[in-house]
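Novice: Okay, here's what each chain looks like letter by letter:
4 protein chains.
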Amino acid sequence: MHLIADLCVVPIGVGVSVSTYVAACETVLKEAGLEHRLHAYGTNIEGDWDEVMAAIKRCHEVIHGMGAPRISTTLKMGTRTDRDQSMDDKVRSVEEKLGG
Amino acid sequence: MHLIADLCVVPIGVGVSVSTYVAACETVLKEAGLEHRLHAYGTNIEGDWDEVMAAIKRCHEVIHGMGAPRISTTLKMGTRTDRDQSMDDKVRSVEEKLGG
Amino acid sequence: MHLIADLCVVPIGVGVSVSTYVAACETVLKEAGLEHRLHAYGTNIEGDWDEVMAAIKRCHEVIHGMGAPRISTTLKMGTRTDRDQSMDDKVRSVEEKLGG
Amino acid sequence: MHLIADLCVVPIGVGVSVSTYVAACETVLKEAGLEHRLHAYGTNIEGDWDEVMAAIKRCHEVIHGMGAPRISTTLKMGTRTDRDQSMDDKVRSVEEKLGG
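Residue numbers (my numbering), protein chains in the order written: chain A, 1 to 100; chain B, 101 to 200; chain C, 201 to 300; chain D, 301 to 400.
Bound-form chain A, shown alone (with noise of 0.2 Å):
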């Protein structure tokens, strides 16, 4: 089952500044081969349901391991079964319509 999900994982307990976990989440996503694109609020993630669930439980593993004792995450996941649909697909479906 093919998933295009977003990912935002805020680090609790460890100060203000998270973009150190973030950093690390994008290396854990990078090593796992994933397609993904970092935004102002989360991660674009695009591939195989069961690597992208992989590649998020290891986010957690990591950021528990930097000292982080507490973590919410909010994660929206995307499939469908009529067509094949990247993510370069959905931005290009949107920006079609404002162009016309």
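Accuracy of the hints is not assured; some may be wrong.
In silico SDA-like pairs for lysine to any residue, Cα to Cα no more than 25 Å straight-line [unchecked claim]: (1) D/397 / A/17; (2) D/330 / C/249; (3) D/330 / D/365; (4) C/257 / C/223; (5) A/57 / B/185; (6) D/357 / C/235; (7) D/397 / A/33; (8) D/397 / D/382; (9) C/297 / B/131; (10) D/397 / A/65; (11) C/257 / A/17; (12) D/357 / A/93; (13) D/357 / C/282; (14) A/97 / D/361; (15) B/157 / B/126; (16) D/357 / C/289; (17) B/157 / A/81; (18) A/30 / A/57; (19) B/157 / B/134; (20) D/330 / D/357; (21) C/297 / B/126.
A partial selection of chain C residues facing chain D, derived with a Cβ cut-off under 10 Å [what the hints assert, rightly or not]: (22) 203; (23) 250; (24) 256; (25) 270; (26) 274; (27) 275; (28) 281.
Bear in mind the hints are in silico, worked out from the structure with no lab data behind them. Here a beta-carbon is modelled for each residue, glycine too, at the ideal position from N, C-alpha and C.
Got chain A; can you put chains B, C and D on it based on the hints?
Specialist: Leaving out everything else, chains B, C and D in the frame of chain A:
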């Protein structure tokens, strides 16, 4: 890794009423033996990370199998290493502050 | 415009326990006269769009006023024009399918 | 109060393709003069709390006006009082850690 999650599954392309699909998810969670509680905008779920995630994948499979061509899910996921905490603990912790 | 929402406020930079801040939000919602129900990963809220949104803004102001330097909130918002639906209706609609 | 938000609007009951409705939201945000950036699972928005929230309400009104009987939106909202931070700052902060 113990997980407290909040699952909100939105089937797309099946008309305006989605309760049949949400009910199918409730059945998946029950059959998985996971503690879960329906509320007005999702379902709280508690359990081992892998078991919760397997059930959520099964929810997508079941809903697609019912004919929904597209699903957009919002999932919140909380983990902590500093102490054990159940769904009841979380609610009680807030209610104690309100009662105080 | 009638709104059914689900609010999850995460104060950042105030340590690992956030229940005091969540309790302050519950008080804001109560004082706003909005129907609301705490669950294990947020609070369901029902009411007029502007009143709900004013209360959520007030939550951010109150939590910052308590000393939290940063807040990350996840809010789900449901509106519909085809019929009136309350939080109770939503839960009942799913439960009827489960009972059937 | 300065707000960095992430908006994901899902119209329900209008079939499987939702890009026309997402494009209408982009137009609302543009007309509101708000800085915003489309990604593959939502749109980052930055601006004054009241202006961002007024635009999001307008998105719901416009989408209902286009014929969608039901909308389920997921919104992330970040505020901070310790320092000014833009959407660019957030991305740069993570990228600096990755480059270091």
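Novice: Run every hint past the structure and note whether it holds.
Specialist: Tested hints:
1. For the proposed pair residue 397 of chain D and residue 17 of chain A, the alpha carbon gap of about 12 Å is at most 25 Å, so the pair holds.
2. Proposed proximity of residue 330 of chain D and residue 249 of chain C is supported: the alpha carbons are some 22 Å apart, at most 25 Å.
3. With a C-alpha separation of about 18 Å, the suggested pair residue 330 of chain D and residue 365 of chain D falls inside the 25 Å cut-off, and the hint holds.
4. Proximity of residue 257 of chain C to residue 223 of chain C is assessed by CA-CA distance (about 15 Å); at most 25 Å being required, the pair is judged to hold.
5. A threshold of 25 Å between alpha carbons decides the hint, and for residue 57 of chain A with residue 185 of chain B the separation of about 19 Å falls inside it, so the pair holds.
6. Restraint check for residue 357 of chain D and residue 235 of chain C: satisfied, since their Cα atoms lie roughly 20 Å apart, inside the 25 Å limit.
7. For the given pair, residue 397 of chain D sits about 19 Å from residue 33 of chain A by alpha-carbon distance, which is consistent with the 25 Å threshold.
8. Taking the CA atoms of residue 397 of chain D and residue 382 of chain D, the gap is about 21 Å. The hint holds against a cut of 25 Å.
9. Proximity of residue 297 of chain C to residue 131 of chain B is assessed by CA-CA distance (about 16 Å); at most 25 Å being required, the pair is judged to hold.
10. Proposed proximity of residue 397 of chain D and residue 65 of chain A is supported: the alpha carbons are some 17 Å apart, at most 25 Å.
11. With a CA separation close to 23 Å, the supplied pair residue 257 of chain C and residue 17 of chain A stays within the 25 Å bound.
12. The straight-line distance between the Cα atoms of residue 357 of chain D and residue 93 of chain A is roughly 23 Å, inside the 25 Å bound, and the hint therefore holds.
13. With a C-alpha separation of about 18 Å, the suggested pair residue 357 of chain D and residue 282 of chain C falls inside the 25 Å cut-off, and the hint holds.
14. Restraint check: the Cα-Cα separation between residue 97 of chain A and residue 361 of chain D comes to about 19 Å, which is no more than 25 Å; the hinted pair holds.
15. For the hint pairing residue 157 of chain B with residue 126 of chain B, the CA-to-CA distance comes to about 13 Å; that is within 25 Å, so the pair holds.
16. A hinted pair counts as satisfied when its Cα atoms are at most 25 Å apart, and residue 357 of chain D with residue 289 of chain C qualifies at roughly 23 Å.
17. Straight-line distance between C-alpha atoms of residue 157 of chain B and residue 81 of chain A comes to about 14 Å, which keeps the hinted pair within the 25 Å bound.
18. With a C-alpha separation of about 14 Å, the suggested pairing of residue 30 of chain A with residue 57 of chain A holds against the 25 Å cut-off.
19. Among the hinted pairs, residue 157 of chain B with residue 134 of chain B is consistent with the structure: their alpha-carbon atoms are about 14 Å apart, no more than 25 Å.
20. A distance of roughly 14 Å separates the Cα atoms of residue 330 of chain D and residue 357 of chain D; the hinted pair therefore holds under the 25 Å criterion.
21. Restraint check: the Cα-Cα separation between residue 297 of chain C and residue 126 of chain B comes to about 10 Å, which is no more than 25 Å; the hinted pair holds.
22. Checking residue 203 of chain C against chain D by beta carbon gives a least distance of about 9 Å; that is within 10 Å, so the hint holds.
23. For residue 250 of chain C, the shortest C-beta to C-beta distance to chain D is roughly 8 Å, which falls under 10 Å, so the interface hint holds.
24. The restraint placing residue 256 of chain C at the interface with chain D holds, with a minimum CB-CB distance near 8 Å, inside the 10 Å limit.
25. Annotation: interface hint on residue 270 of chain C holds; nearest CB of chain D at approximately 4 Å, less than 10 Å.
26. With a cut of 10 Å, the hint placing residue 274 of chain C at the interface with chain D holds, because the nearest CB-to-CB distance is about 5 Å.
27. Interface restraint check for residue 275 of chain C: the shortest CB-CB distance to chain D comes to about 5 Å, inside 10 Å, so the restraint holds.
28. Checking residue 281 of chain C against chain D: minimum C-beta separation of about 5 Å stays under 10 Å; hint holds.
When the structure is compared with the earlier hints, no violation turns up for any of them.
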